[in-house]
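Input sequences plus hints: build the corresponding full structure.
Listed below, chain by chain, are the residues.
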Amino acid sequence: AQTVTQSQPEMSVQEAETVTLSCTYDTSESDYYLFWYKQPPSRQMILVIRQEAYKQQNATENRFSVNFQKAAKSFSLKISDSQLGDAAMYFCAYRRIQGAQKLVFGQGTRLTINP
Amino acid sequence: GAVVSQHPSWVICKSGTSVKIECRSLDFQATTMFWYRQFPKQSLMLMATSNEGSKATYEQGVEKDKFLINHASLTLSTLTVTSAHPEDSSFYICSARRFVDQPQHFGDGTRLSIL
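Listed in order, the protein sequences are those of chains A and B. Counting with our numbering, you get residues 654 to 768 for the letters of the first sequence. Counting with our numbering, you get residues 23 to 137 for the letters of the second sequence.
Honestly, I wouldn't trust all of these hints.
Here are the simulated DSS-like cross-link-like pairs (lysine-lysine), alpha carbons at most 27 Å apart as the crow flies [stated by the list, open to error]: (1) A:K731 - B:K63; (2) B:K88 - B:K36; (3) B:K42 - A:K755; (4) B:K88 - A:K755; (5) A:K755 - A:K723; (6) B:K42 - B:K63; (7) B:K42 - B:K77; (8) A:K708 - A:K731; (9) A:K755 - A:K708; (10) B:K88 - B:K63; (11) B:K36 - B:K86; (12) A:K726 - A:K708; (13) B:K88 - B:K42; (14) A:K755 - A:K731; (15) B:K86 - B:K63; (16) B:K36 - A:K755; (17) B:K63 - B:K36; (18) B:K42 - B:K86; (19) B:K63 - A:K726; (20) A:K755 - B:K63; (21) A:K755 - B:K86.
The set of hints was computed from the structure by calculation and includes no laboratory data.
Right, dumping it as structure tokens:
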């Protein structure tokens, strides 16, 4: 079974600084999707960024970028120029392409932005 | 685009009653909808996957007679918690997906409190 591990329960960063959230996963599949979701205090899950495993290029969405290391099964999220609105729980998630296509979530990392 | 509406956002009811939660995709047709449960400070736990017009697929350990899921149309899925008890109190989140290669979009969640 696929598993997703986020080893940092909590992280904090100064406003305007850069922070990196870690995520590792375990799978025997060669093709799959990886996601980062943000859950602010309102508790709505918001898709931050998505990566297809067959793409070598790291995905980027404005201030958010990933470092996807397929061989190491690592998928970290970098937030540049951190803003107060970035404070939230961040969940890394995995999804197979074939077969059961449910999301498998990590435990989450709570990110605090210090003004 | 890709808006998912969940209703109600908060419900309080007496033990023994049944509660229905609605999940609607407002601007797209969702072939698949998912129901999650989230305990405080924990990750999302998938309860079941429902495809329009067919029976839901429940995850191991989830009582299908307790949590009734209906996905009668491409824009609406409902979760009914039958004979609810205090241990059913939780945050329930739905998500919807149009096609298999597209990401899930989440509703705002429903906070269920059973007295």
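- Could you check the structure against the hints above and give me the numbers of any it violates, in ascending order? Structure breaks hint 16 only.
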